[in-house]
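Colleague: Assemble the whole structure, with the sequences as input and the hints as a guide.
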Amino acid sequence: MDETTSASNRSNGPALSPETMKRAYKDMLLVRRFEEKAGQLYGMGLIGGFCHLYIGQEAVVVGIGLNMKQGDKSITSYRDHGQMLVAGMTARGVMAELTGRSGGYSRGKGGSMHMFSREKEFYGGHGIVGAQVALGTGLAFANHYRGTDEVSIVYFGEGASAQGQVYESFNLAALHKLPCIYVIENNRYGMGTSIERASASKDLSRNAEPWGIPSRKVDGMDVFAVHQAAQEAMEHCRAGKGPFLLEMETYRYRGHSMSDPAKYRQRTEVEEMRRTRDPIESLKAEMLRNGIEEEAFKAIESEVKAVVADAAEFAQTCPEPDASELWTDILVEA
Amino acid sequence: MASLILMPALSPTMTEGTIARWLRQPGETVKSGDVIAEIETDKATMEVEAVEDGVLGKVLVPEGSESVAVNTPIAVLLEEGEDADAAESVTRSADPAADAPVAIETPSAPAIVEAPAIKQAEEEKDWGETKNITVREALRDAMAAELRRDEDVFLMGEEVAQYQGAYKISQGLLDEFGEKRVIDMPITEHGFTGMAVGAALTGLKPIVEFMTMNFSLQAIDHIINSAAKTLYMSGGQMGCPIVFRGPNGAAARVGAQHSQCFASWYAHIPGLKVVAPWSAADAKGLLRAAIRDPNPVVVLENEILYGQKFPCPTDEDFILPIGKAKIEREGKDVTLVAFSIMVGVALDAAAKLAEEGIDAEVINLRTLRPLDTETIIKSVKKTNRIVSVEEGWPVAGIGAEICTVAVEQAFDWLDAPPARVCGLDLPLPYASNLEKLALPKPEWVVEAVRKQFGD
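So the protein lines, in turn, are chains C and P.
The first sequence begins at 2 in the numbering used here and counts up by one.
The second sequence begins at 7 in the numbering used here and counts up by one.
In case anyone wonders, no lab produced these hints; they're calculated from the structure.
It is possible that part of the hints are untrue.
[To be verified] Here are the simulated DSSO-like pairs of lysine-lysine, each with C-alpha atoms no more than 27 Å apart in a straight line:
no., chain 1, residue 1, chain 2, residue 2
1, C, Lys38, C, Lys264
2, C, Lys70, C, Lys203
3, C, Lys23, C, Lys178
4, P, Lys186, C, Lys178
5, C, Lys299, P, Lys332
6, C, Lys23, C, Lys306
7, C, Lys306, C, Lys27
8, P, Lys235, C, Lys121
9, C, Lys38, C, Lys27
10, P, Lys37, C, Lys285
11, P, Lys447, P, Lys387
12, P, Lys125, P, Lys37
13, P, Lys37, C, Lys264
14, P, Lys447, P, Lys457
15, C, Lys306, C, Lys121
16, C, Lys299, C, Lys285
17, C, Lys38, P, Lys64
18, P, Lys235, P, Lys358
19, C, Lys299, C, Lys27
20, P, Lys447, P, Lys384
21, C, Lys264, P, Lys49
22, P, Lys384, P, Lys125
23, P, Lys388, P, Lys332
24, P, Lys125, P, Lys332
25, P, Lys384, P, Lys332
26, P, Lys338, P, Lys457
27, P, Lys387, C, Lys27
28, C, Lys70, C, Lys23
29, P, Lys125, P, Lys235
30, P, Lys49, C, Lys38
31, P, Lys186, C, Lys38
32, P, Lys457, P, Lys387
33, P, Lys315, P, Lys330
34, C, Lys23, C, Lys264
35, P, Lys174, P, Lys186
36, C, Lys23, P, Lys388
37, P, Lys186, C, Lys242
38, P, Lys125, C, Lys306
Modeller: Shown next, in the form of structure tokens:
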């Protein structure tokens, strides 16, 4: 199974143009800074309930995003802020939903875990672990039914990969040759339970093998590797060959949610990952090697900072939903 | 500029905590993500991370301090190169009000927001000529008509295509519409229901057949959490036009796992519509309406009724409104409210009661959500008595809801306490004699009515 493990070798991969690298850097930094701000607002009591941050995993969603085209659909779990930003949803709309305001994507009725955008083909934002896998298979079914070459990207964690409906979905997608890319974001911990304690399958990239679904195990901390694997998976799906599975080996720096006592892993493990494997720092190093000047990073940094500051300001000043919103959107009026 | 580090909220319910330990000392450089302190709450000890780069200027709340309210300034963070004096200025200049925990701003919301009035369903029109057909044919004809009418409609489920339906409801549909639109599914309710809901979120209009509604329990998470709630959670962006249908309730001697009524389960859920046809006309008219409805609709059919014949309008456009009950028999002495197969039981009971000189009105609910309370209340105000009849269990059942509606909205008109006739509160037994004893029959209804007349 050499093939399933070689994709993270950058030397095999197509080089990214300086412009694409800049775009990837900016997107990853936007997700990082957005999430840091969200954490801060949570600490201030401005964001309630559950809030799951994506910090550390940025290369996954950004590397895949580089390969998406208009009409491709995506869906994920409750750790969804990064997916939304990369899908092109505005930082303002996402942050305002986090603070439960009328300017949020769900007008304050969904919260951190439940946001959607019909326009950007982002289908949530789902709080039931694993549910998005069957739903995402349905998005691919719709593409197939309509005869388009659009692809459905379905993100789920290694924790969700223990859910039965994941395998029901694999079976259905393979049976009907649905254009669906299953992306396991293996960040090693399903809440406080390590993958070793939760999965008898030691190589999740092989979990779809019985259904003949091709797969790759990918260094999810390396945006080049992610990009390359996603490109292959996209081509496979667009050619009508059925689903594809990508296992992204990634890592979240923050807790499962904001209320995570973090006793299940060593602080040094997190520090080591941040120091040696950080996806943003790695990309920056590569860009520097490619002759991109320090000035370019500063410009991106300040642009991103402005977007996030503006989003935070909007999320705190925009009004809460009107009380009349309580009774709207329960049913579509025929 | 120097900034204040505030006592963070580390969980949805945390209002205060203890600063167990400072891990960094004044003068030390910290980077975003560094752990600077440990906080104990009632639930756990948690780490506080710096959210910005800088130098720890001054600790305002020493370690060991208990009951520190969320948002209390606990330290000062200086920018690189900034003097420790800046710490003084930021703490001095801080508005005293800012030291107090910031309550989340809540506009003066009213304590109660009235639900908008439910839009009354239109009256059923006179569809003219009828023909006797079975409920099975009516359901098939309804699906065929809608499949012809709208390319986005498709049928999926176990044995719906090649086998022609486990109960022969989809007979002939594969031949007419092909395998793209009449799709056999493996035995994988959780998976295919989720898949269908996902397709519906994009605007397709799936009809999901459950071989029996008992198997919908495998998929109930998608029916409730994914189909019914997404419109609300998305602020109105993502509708879910989908139909979940299949035989519901007891069949004949198939045991407890295959004999359950899910009426009250699904009728409980905001975001769903629920219909329960009795006659062939109900079946055809309601299923067509369900398929056209832009919302998720659960259609509770009944296996025993599948083979029964009823007059059904022949008009090609025949359809019924969801949310409108039908008075099957007019009467003046007592209102019997029933749905699905129990409408027949109620009508039989009415015939027996007529022999005793009691003139019963029989309401066929047709829709369980939204419930046509107007028709029920109007009838109760005329008859002054109400008995609900259902096959399902009594506790928190449809009958409990109907009796409550009658008490809440027509208390002064009632001459007797509302009564419920339900299936017995036990898993349905297999043995022929025991099964018969467990399910409502006309005599039970007659008995309940007699009690209301003080017999």
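Colleague: Has the given pair, lysine 186/P with lysine 242/C, been kept, meaning a C-alpha gap of at most 27 Å?
Modeller: It holds: about 17 Å lies between the C-alpha atoms, which stays within 27 Å.
Colleague: What's the verdict on lysine 384/P and lysine 125/P, does the C-alpha distance respect the 27 Å limit or exceed it?
Modeller: holds, 17 Å
Colleague: Next pair to validate is lysine 186/P with lysine 178/C; report whether the Cα-Cα distance is within 27 Å.
Modeller: holds, 13 Å
Colleague: Does the alpha-carbon distance linking lysine 174/P and lysine 186/P stay inside the 27 Å limit?
Modeller: holds, 19 Å
Colleague: Is the straight-line distance between the alpha-carbon of lysine 306/C and that of lysine 121/C 27 Å or less?
Modeller: Satisfied, since the Cα-Cα distance of roughly 23 Å is no more than 27 Å.
Colleague: Take the C-alpha atoms of lysine 70/C and lysine 203/C, compute the straight-line distance between them, and say whether it is at most 27 Å.
Modeller: violated, 33 Å
Colleague: When you check the alpha-carbon spacing of lysine 315/P and lysine 330/P, does it fall within 27 Å?
Modeller: Status holds; Cα separation ~22 Å.
Colleague: Could you grab the alpha-carbon distance between lysine 23/C and lysine 264/C and see if it respects the 27 Å cut-off?
Modeller: violated, 37 Å
Colleague: CA of lysine 338/P to CA of lysine 457/P, is that 27 Å or under?
Modeller: holds, 17 Å
Colleague: Does the alpha-carbon distance linking lysine 23/C and lysine 178/C stay inside the 27 Å limit?
Modeller: violated, 35 Å
Colleague: Hey, lysine 38/C versus lysine 264/C, does the alpha-carbon distance stay inside 27 Å?
Modeller: holds, 24 Å
Colleague: Starting from lysine 299/C, check that the Cα of lysine 27/C is at most 27 Å away, please.
Modeller: holds, 11 Å
In terms of the numbered hints stated before, the structure departs from hints 2, 3, 5, 12, 18, 27, 31, 34, 36 and 38, listed from lowest to highest.
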